[in-house]
Amino acid sequence: MSFPLLLLVSLIAGLVGAMTGMGGGVVLIPALTFFGMDIKRAIAISIVSVIATSSGSASAYVRDHITNLKVGMFLEMFTILGALAGAGITVSASEQPLYLLFGIVLLASWAALWAERGTPWKPVTHQDDLSRWLELEGSYDDRATGEHVEYRATRAYAGGPLMFGAGMVAGLLGIGAGALKVVIHDLVMGLPPKVSTTTSNLIIGVTALAGTSVYLATGLIDPGLAAPVILGVAAGAFLGTRVLVRLTNETVRRVFLGVLIVLAAEMIVRGFRR
Amino acid sequence: MSEPAGTGSTAARNMDLLVGYVLIVGVLSSLGLLAAGLVWHWYSTGTRLDYDLAGTTVFGLVVTDFRQLAAGAWRPRLLVNLGLVVLLLTPYARVLASMLYFALVERNRKYTAFTTFVLLTLTYSLFLR
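Residue numbers (the working numbering), protein chains in the order written: chain A, 30 to 303; chain B, 467 to 595.
Treat the hints with care, as some may be off.
[Said to hold, decoys possible] Partner residues aside, some chain A positions facing chain B, computed with beta carbon under 7 Å:
no. : residue
1   : 109
2   : 136
3   : 187
4   : 190
[As the list claims (entries may be wrong)] Straight-line alpha carbon distances no greater than 35 Å define the calculated DSBU-like cross-link-like pairs of lysine-lysine that follow:
no. : chain 1 : residue 1 : chain 2 : residue 2
5   : A       : 151       : B       : 576
6   : A       : 151       : A       : 69
7   : A       : 223       : B       : 576
8   : A       : 223       : A       : 69
For the record, the hints were derived by calculation from the structure and aren't laboratory data.
Computed from a prediction, not measured in an experiment: that's the story for all the values here.
The C-beta atom is built at its ideal place from N, Cα and C for all residues, glycine as well.
Bound conformation, chain B alone:
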């Protein structure tokens, strides 16, 4: 017998908490990074931050950001880019977490398939250019 469906079961309640915390941690860290980047830029130059990201994919942006992080190339732009990347990856991480939860904890095949579909579509869209 599998877990009873719906929002009442223990498994469903745990999943609620998991999804809820993924979302709030993601959004708050993104806002923190964006604010830090903007304030730093404003403080050091007194001008508006102005650059574009034409022709990058989200994953391309992630890779560039981590390369700069690894090189220790801290600057306002890096913080703002990281803030954007964290924001975009927040719903993505939420779907990933729920897929793993449906697959491993609830062992619900139907919903594992649904969330996998959502995850694959999002993955495809993150590689769009």
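Pulled out of the complex, with its shape left as it was, chain A reads as follows:
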């Protein structure tokens, strides 16, 4: 792949990733493999770029006091172990199952975006003993409504082990797996949506680092390819968060639902081809 093409593909992936909230990797990896890159290399490069985009946006959310650091630090213990295991599997796996699995994850994100729950957040009324002992609670100021929201998280005993799985998918496929993490935060632990997305962002950076170190050790990360991809994805993500404010949400959703289904189909077809 030529240098300008690499930069352009990464820029678009970062833009789309930020606009849909799926993260850059989900678009980047199919695009890189489409242009002929080996899927393992694409996964390895993608996971490095995930560190840049997630840490960049996590920084802003943390300084706005929305991210819950304790929830993040507790769940990180599980995701990093998952990421090490996942990356280890990818390194020794053959390519076909990776394409298939990636296609399935794309389809799942498609379904999640398509269904996009409109159910409002309900505060946790009963907090179990473990979650209380872990001090999983907090408050933040909602800029949009001007409200001060206090919340408690629950079911840490289930959230932890499930996050091992989310970390494993992240390490295995070189993506942030933010959608998966947000589902666990929202549905299992009862965190308010803003806290769950921002806390997931924080966790993604550390999880991606664990995965990256495995890929780096195996020599799958070529700095000459990784550097333009990191720059492109970061620039795209930066633009994406700004464009997002101006475009109407419904248009964005329709366009990207279309893109996702095409990418998913492409990956699954490649998974079956010999």
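Starting from the known structure of chain A, fit chain B onto it as the hints suggest.
Only chain B this time, still in chain A's reference frame:
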């Protein structure tokens, strides 16, 4: 009585700022180094930068980079490598900063233990080869 838990207390707010600044400074300096390295290479050769890092650990890469820095061996590859190293060490520094904060400022034993576990696991992974 220890500090009240949650994101509302002063200690927690200070920690938010510390973590936030570690992240943004790390990411921006990494992007700057990567861009500088690529532009320099492109400008001087007009070709794509092409080399691999097979068989290095992250800490191995850090040591090599600093040795080259000390020797004043400036070249595009060194900038790109430094950019990668800074990027990888950003989440690591974030965990280290929060561990120190939980241990020294909040004096929260539970979370000092949790962040220590994360830090040790990451340290182990950075030495993988």
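- Once the shortest beta carbon distance from residue 136 (chain A) to chain B is found, is it less than 7 Å? It is violated, given that the least Cβ distance between residue 136 (chain A) and chain B is near 30 Å, above 7 Å.
- Query: Regarding the hint that residue 187 (chain A) lies at the interface with chain B, is the smallest CB-CB distance below 7 Å?
  - Reply: 18 Å, violated
- CA of residue 151 (chain A) to CA of residue 69 (chain A), is that 35 Å or under? 41 Å, violated
- Message: Holds or violated: residue 151 (chain A) and residue 576 (chain B), Cα atoms, limit 35 Å.
- Response: 28 Å, holds
- Task: With chain B as the partner, please determine if residue 190 (chain A) meets the hint condition of a C-beta pair closer than 7 Å.
- Result: Where the cut-off is 7 Å and the nearest Cβ of chain B is about 16 Å from residue 190 (chain A), the hint is violated.
- Agreement of residue 223 (chain A) and residue 576 (chain B) with the hint, judged by alpha carbon distance not exceeding 35 Å: Roughly 25 Å separates the two Cα atoms, so the pair holds.
- Given hint residue 69 (chain A) paired with residue 223 (chain A) - CA-CA distance at most 35 Å: 33 Å, holds
- Restraint satisfaction for residue 109 (chain A) [CB to CB of chain B, less than 7 Å]: 5 Å, holds
Violated hints for the displayed structure, listed by number in ascending order: 2, 3, 4, 6.
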